[in-house]
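Once you have looked at the hints, place chain B on chain A.
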Amino acid sequence: MDYISNTTAETEKMLKTIGVNAVEDLFKMIPEEVALEEDLKIDSGISELELMNLAQEKASKNKSLADQLSFLGAGVYDHYLPGVIDHLISRSEFYTAYTPYQAELSQGTLEAIYEYQSMISELTGMGIANASMLDGGSAAAEAVAMAARISRNKKIILPETINPAYREVIKTYGDGQNLEFVEIESEAEIIDPAQIAENIDKDTAAVIVQYPNFFGSIEKMNEIAEIIEENKKVIFIVIANPILLGVLKPPSDYGADIVVGEAQNLGNGLNYGGPYLGFMACRDERKMLRQLPGRIVGKTTDVDGKEGFVLTLQTREQHIRREKATSNICTNEALNALMATIYLAVMGKKGLKEVGNQSYHKAHYLAEKIDKIPGFDVANKNNFFHEFVVKSVKKSEEIKTQLAKDNIIAGYNLDKIGKEGLLIAVTEKKTKEELDKFAEKLEVL
Amino acid sequence: MEEKLIKDYSSPGRRAYSLPPLEVTESSLENDIKDYLRDDLDLPEVSEVDVVRHYTALSEMNYGVDSGIYPLGSCTMKYNPKRNERIARMTKLSYLHPYQEVEDVQGSLEILYQLKLDLAEISGMDEITLQPASGAHGEFTSLMIVKKYFEDRDEERTKVIVPDSAHGTNPASAIMAGYDVIEIASNEQGMVDLQELKEAVGEDTAALMLTNPNTLGIFEEDILEITKIVHDAGGLIYYDGANMNAIMGYAKPGEMDFDLMHFNLHKTFSTPHGGGGPGSGPVGVKDFLAPYLPKPVLKKEADSYFWDYKRDKSIGKVHSFYGNYGVMLRAWAYIKTVGGKGLKKTTENAVLNANYLKARLKDKYELPYAEDSLHEFVLSGSKQKEKGASTLHIAKRLLDYDQYAPTIYFPLVVKEAIMIEPTETENIDTLDRFVETMLTISREIKENPELVINAPHSTAVRRLDETKAARKPDLHW
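The listed protein sequences correspond, in order, to chains A and B.
Residues 1 to 445 (my numbering) are what the first sequence spells out, left to right.
Residues 1 to 477 (my numbering) are what the second sequence spells out, left to right.
Everything labelled a hint here was simulated from the structure, so no lab data went into it.
Fair warning: there could be bad hints in the mix.
Calculated lysine-lysine pairs in the DSBU-like style (CA-CA distance at most 35 Å, straight line) [as the list claims (entries may be wrong)]:
id : chain 1 : residue 1 : chain 2 : residue 2
1  : A       : 353       : B       : 7
2  : A       : 16        : B       : 383
3  : B       : 313       : A       : 419
4  : B       : 472       : A       : 349
5  : A       : 391       : B       : 300
6  : A       : 353       : B       : 34
7  : A       : 202       : B       : 313
Same shape as in the complex, but just chain A:
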């Protein structure tokens, strides 16, 4: 089955208009030496019915989170997705549209992005937000590159309490710009601000902090803010968890210059790692705005004085500025940003707070239960939000394997990144029964 609707007779008519005899004649400019002689070794096409059966067959080999009780987080969170989101983003005027270059026929996408920017600004407390980045890791990497351009320095202070996947992406991008990274180790689950202070010098471009950090704890933000305040040239990048900004103070309160992160948890599904939604916001200053990567939507008026929306400040972008652009980003995650926008509209000021609070209380309920089990300790019990580290006399791998037998994914194994313990995330979706079951299974291990 293909998606072509020209009939043989129509094809003939078209060929005649063009002035050639056969379709193959249209490919004559391909030199013989590179023209393919053999057909592609790909099976013939199949019907929709066969395709659905094939997809079912592949799917049956998977075990999704609907089939088990999962406490995985580590940057990707399973919050409830209201039904209106998928319904609305499935309107084909949204999802089959291109980048809104023809503003007059793209007001829907443009207005939704403006709303997205507004709500990201509100959550982060920053004056400017762009239209989205590819994902949390690449948004963090682009924030670092932006900081290096603004400060004209190359040294980046990169604590190990930042999501290890982001750290890897940041370093890959950094290799392109010859950036230098100063890694700060953490003894417990948070960094010692003194280590940041000690490492800042005249060559420092940026300090990055994750809020809450990879282990679920909140760094000593006020102390770090003071250190940054004393080093005015240093750009302060905060990687924030946007859903928790419904409850936590905005990064602007700590003097953040750039705020980035992964907004998958705002109304986007898990999808095995993507498509996700990188967000990026910065201080409302010209020097910042000029260096901000990505698309930006602005409100303006049309020739009749009616308000409307356009892509603006495009002279920062690759299609205008080419090698002088602030980034190469073109395609972003517009539909995912629409999902986040609808999610925030649905949850609203009370709902977002309630999601945060329920996640908090449920996580703490579970943590207290686990902490009471002999041989188990919650490492950061006085400082976590909805994700925490459990250390045990038992090996993490063994705990995971044992609980898998009861259809429980016991969190993220920190051995993978050279640390000890399990990183356990809880969202509002978990019931008391599920939390109790997890604790019970750990107890009888």
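Using the frame of chain A, we list chain B on its own:
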């Protein structure tokens, strides 16, 4: 504005969400967290009906491929099959956390692995990474591979050559990878000028970035000479896969001696653009570059699939996880549906449709490059400009006829450029309608230029003041 902002639907106390009651005992916030709690959050307070009506109203001010022809040159706005959407939403294929054990996701990995094999077959490349999340992301990934390869060989090569007809992402990606960009001019036929290329290459050349067919839709007839010039100088050659829809089943970048390339699953392989994303930009490389691919690499051993992280020479990660998996599922479904022969037929009809439009439009609109072209072609609005209406006006007037405009003012090598790519999923009826509209507009410019210059007239908003938007940025409510 035509539809007020969602916040303007707000009424204190209204809500669109519902959550079950909290069954666990509330734990105290009297710990280290309490100093970090915010007081206020100014988000909308609206009902579910408000949300549904508002975003439905917004969608009605939009235009997608499902609305009609979308002839954006270089963007390959083909039909997005609905069955693919269904597959991407299957619970067992989508409700998966990226840190689940590979045993849990064998079905998904099998799909990704098949997609890799198919992309390799279509392109003539040896190994594929699916990690880059967009075309530009794929370009950056490729240039980092080039960089790592030369570092490994202790060769200092600092320059990337880009033709002046290239996409803007090419030079921008080269800069992000730390290269200097050398731009070379095209010759009179719109192709790479061999003399210019010979002068530009040297010991410092890391790579040439090339789209073939190029942005004029013209196939580089000297392609093997071009690749030889760069290879002889020790450089690598990168293929920008934006125009793959023009050559499937007819030529392979690998056989044109390209060393690495990216694909756009959201162009060639029918996945929706989503109003600007998500996309997916897999990268294919020849064997000698495979060690440098981003990690992890998807591998198969016996009958099971796994992610290989032990990659000493890898450039590292470019995405937090494995790329835009949801987009890959759709591309896999597309390739399965159309099959090998269907891909060739796809290319044939994309080229047929473009040539049909060109044949019908070239008398009224100037055709600056008369060379044979494939899936897209570039007209110039210069004749119309002499009569007072520019390419921008023509584009805006098209919107009045409920049709999307072509790409305009690109490629930069053509003045008043109108770049048209109809794709294979349009048929002669929609093409004829587009032609008639373009001819009508040309006539209107002759008879009543003001009508065109002041277009659009029938859209939700009319010509918007972009200067004002940039001078006094209003970026949030």
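**OP:** Just pull the numbers of the violated hints for me, sorted ascending.
**Re:** When the structure is compared with the hints, none of them turns out to be violated.
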